[in-house]
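Asker: Using the hints, position chain B against chain A.
Protein chains: 2
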Amino acid sequence: MTYCVGLLLKAGMVLLSDTRTNAGVDNIATYRKMFVFEEPGERVITILAAGSLSVTQTTIARLQEACSDNPDADATTCIMKAPTMLQVAEIVGRTLSQVTGEVADKLTRMKQAANASLIVAGQRRGGGMRMFLIYPEGNFIEATEDTPFLQIGEHKYGKPILDRVVTPDTSLAEAQKAVLLSMDSTLRSNLSVGMPLDLAVIEEGACRVGPSRRIEAGDPDFAAMSEAWSNALRAAFRNIGI
Amino acid sequence: MTYCVGLLLKAGMVLLSDTRTNAGVDNIATYRKMFVFEEPGERVITILAAGSLSVTQTTIARLQEACSDNPDADATTCIMKAPTMLQVAEIVGRTLSQVTGEVADKLTRMKQAANASLIVAGQRRGGGMRMFLIYPEGNFIEATEDTPFLQIGEHKYGKPILDRVVTPDTSLAEAQKAVLLSMDSTLRSNLSVGMPLDLAVIEEGACRVGPSRRIEAGDPDFAAMSEAWSNALRAAFRNIGI
Numbered sequence: 001m002t003y004c005v006g007l008l009l010k011a012g013m014v015l016l017s018d019t020r021t022n023a024g025v026d027n028i029a030t031y032r033k034m035f036v037f038e039e040p041g042e043r044v045i046t047i048l049a050a051g052s053l054s055v056t057q058t059t060i061a062r063l064q065e066a067c068s069d070n071p072d073a074d075a076t077t078c079i080m081k082a083p084t085m086l087q088v089a090e091i092v093g094r095t096l097s098q099v100t101g102e103v104a105d106k107l108t109r110m111k112q113a114a115n116a117s118l119i120v121a122g123q124r125r126g127g128g129m130r131m132f133l134i135y136p137e138g139n140f141i142e143a144t145e146d147t148p149f150l151q152i153g154e155h156k157y158g159k160p161i162l163d164r165v166v167t168p169d170t171s172l173a174e175a176q177k178a179v180l181l182s183m184d185s186t187l188r189s190n191l192s193v194g195m196p197l198d199l200a201v202i203e204e205g206a207c208r209v210g211p212s213r214r215i216e217a218g219d220p221d222f223a224a225m226s227e228a229w230s231n232a233l234r235a236a237f238r239n240i241g242i
Numbered sequence: 243m244t245y246c247v248g249l250l251l252k253a254g255m256v257l258l259s260d261t262r263t264n265a266g267v268d269n270i271a272t273y274r275k276m277f278v279f280e281e282p283g284e285r286v287i288t289i290l291a292a293g294s295l296s297v298t299q300t301t302i303a304r305l306q307e308a309c310s311d312n313p314d315a316d317a318t319t320c321i322m323k324a325p326t327m328l329q330v331a332e333i334v335g336r337t338l339s340q341v342t343g344e345v346a347d348k349l350t351r352m353k354q355a356a357n358a359s360l361i362v363a364g365q366r367r368g369g370g371m372r373m374f375l376i377y378p379e380g381n382f383i384e385a386t387e388d389t390p391f392l393q394i395g396e397h398k399y400g401k402p403i404l405d406r407v408v409t410p411d412t413s414l415a416e417a418q419k420a421v422l423l424s425m426d427s428t429l430r431s432n433l434s435v436g437m438p439l440d441l442a443v444i445e446e447g448a449c450r451v452g453p454s455r456r457i458e459a460g461d462p463d464f465a466a467m468s469e470a471w472s473n474a475l476r477a478a479f480r481n482i483g484i
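In the order they appear, the protein sequences are chains A and B.
Residues in the first sequence are numbered from 1 upward in steps of one, following the numbering used here.
Residues in the second sequence are numbered from 243 upward in steps of one, following the numbering used here.
Derived from the structure by calculation, the hints contain no laboratory data.
Accuracy of the hints is not assured; some may be wrong.
[To be verified] From the structure, some residues in chain B lie toward chain A, with a derived Cβ separation under 8 Å:
#1 382
#2 383
#3 398
#4 402
#5 405
#6 406
#7 407
#8 419
#9 431
#10 472
#11 475
#12 478
#13 481
Glycine included, every Cβ here is placed at the ideal spot set by N, Cα and C.
Just chain A, same shape as in the assembly (with noise of 0.2 Å):
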C-alpha cells in the first residue's frame, strides 16, 4: 500500500508520499510515488500516486509522453499546455481512466483487479492553486477551505491529527509539521507503509516546487520528531484525567 497526503492551505500547498510498494507481504520494493512536472514560475504541477505500480506507472509515463515526446502535445493531451488546472485534472483523470480500463482488462481471466488513485495538485501563473484527488474511474473531488487536506492509500492511521491542526491558515512550516506525524503514525500502525518519504512544498504564486527534500530511514531530524511526538503523546495521555 501507499500513504500520500497533500494540504492546500492560504500559503501554499504541502505535498508528502512514501515509496513503498508491495506484492503480497514478500515482494517489497521502492518506488517514488511523487512526480512533478514543472516549468518554473510558469507553472507547476504535482501528482501523488497510490495504488497498481502497473497502473500509476503506465498513467505517469503516458501523461509525460503526451508533452515531451510528442510533435502533437497540445492543450487536450499535455498537462503543461491545459488553459487550467481543472482541464488538467480532466487529462489526468481521463489518461487514469483508459489505463485502469486496459488493464483491467487484461486481469479480468486472472478475476483480479487493479486500481489506483491520484492526488494532482498544482498552479499556473495567473491562476489559483488547485488540490484534486482523481478516483480509479477518473471522475475527481477537489480540496476547498472546509477540507483542506486530500490523502489517498492508507490514509486512517494519519487523518486524527489532521483533523484536529490542519486549517487553510495553517503556516507551511506547521503543515509540513502536520503532515510528517500524519506519517509518523502511519509508519508506526502499518508495515505496507515505508521509508523513504519525498516531502515537496509549493508556494503560493511560485508556480515551482519550493523546499523538497527526500527523508532517508533513519533521518536524523525525523526520528527525533517522531521520537518527541511519542514522549509528548505519552506526556498528554498520562495528564488526561478519567
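Answerer: Below, chain B without anything else, positioned relative to chain A:
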C-alpha cells in the same frame, strides 16, 4: 460500521464498543454491540460484534439459545458449559461460520455479501483470562503479551494511540483512558462510528463484569476528556520542532 476494542492486561480486561449501525448513510440506528454471558464468580464471557447486524444478532441469539432455552445444552454447544475458553472460542467461531454461510446463501442472488467479526473475552474460575478475535470464516486469533489488544470494525484511526501507550502492565484505569481516547479519535474521523458507548472492565480472577457503563452522547466526563486530549495534542503539536 463499528469500532470495538478489547485490551488483555495482567490486571484484567477492558472492553469498549460503539453503538452505531447503518445501512447506507440514510438508515442509521443504535444497537448494543457488547453482550455479556455471566455466572458471577464462576465464569464471564463478553462478546463484541462488528459487521452485518443480521449476522451478529442471529449469532448472539443462537449462542444464548444454545444455553438458556435448550434442554439439550451441553459442553459442546453452550459457551457457559464449555470446559475451557478455547472451546468457547470454537463454539462461537462455529456458530458465526454457520450463520454467515446461511446469510451468504440468501444474499448470493442479490450479489451482496454479509459478514461479521467478533471479539470474545472471558475467564472461567480456575482458568486464565483469554481474548479472541473471531473472523467471519469462524477461525480466530488470540491476544498475547506481544499484542495485548484486539480491534474489530473501523480499527485504523484508533490504533496509533494504542500502539504507543498499551502494554500488558498498563493499569485498568489507564487502559480505560486508552480505549476511550482511541474511540474518541475514531468518532472524530469517521461518521459511521457513533455514541453512545459501552465500556466494561473485567478484573483478573473476578469472573464477573466489574465496573461497566454506558456513555451517552454529551456525557460530561467523556466530553471533558475528549476536549482535554484535543488541547493536549494541539499543545504537543505546537511544541514539536521540525
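Asker: Decide, hint by hint, whether the structure agrees.
Answerer: These are the hints, each one checked on the structure:
{"no.": "1", "hint": "382", "result": "violated (21 Å)"}
{"no.": "2", "hint": "383", "result": "violated (16 Å)"}
{"no.": "3", "hint": "398", "result": "holds (3 Å)"}
{"no.": "4", "hint": "402", "result": "holds (4 Å)"}
{"no.": "5", "hint": "405", "result": "holds (5 Å)"}
{"no.": "6", "hint": "406", "result": "holds (6 Å)"}
{"no.": "7", "hint": "407", "result": "holds (5 Å)"}
{"no.": "8", "hint": "419", "result": "holds (5 Å)"}
{"no.": "9", "hint": "431", "result": "holds (5 Å)"}
{"no.": "10", "hint": "472", "result": "holds (6 Å)"}
{"no.": "11", "hint": "475", "result": "holds (6 Å)"}
{"no.": "12", "hint": "478", "result": "holds (4 Å)"}
{"no.": "13", "hint": "481", "result": "holds (7 Å)"}
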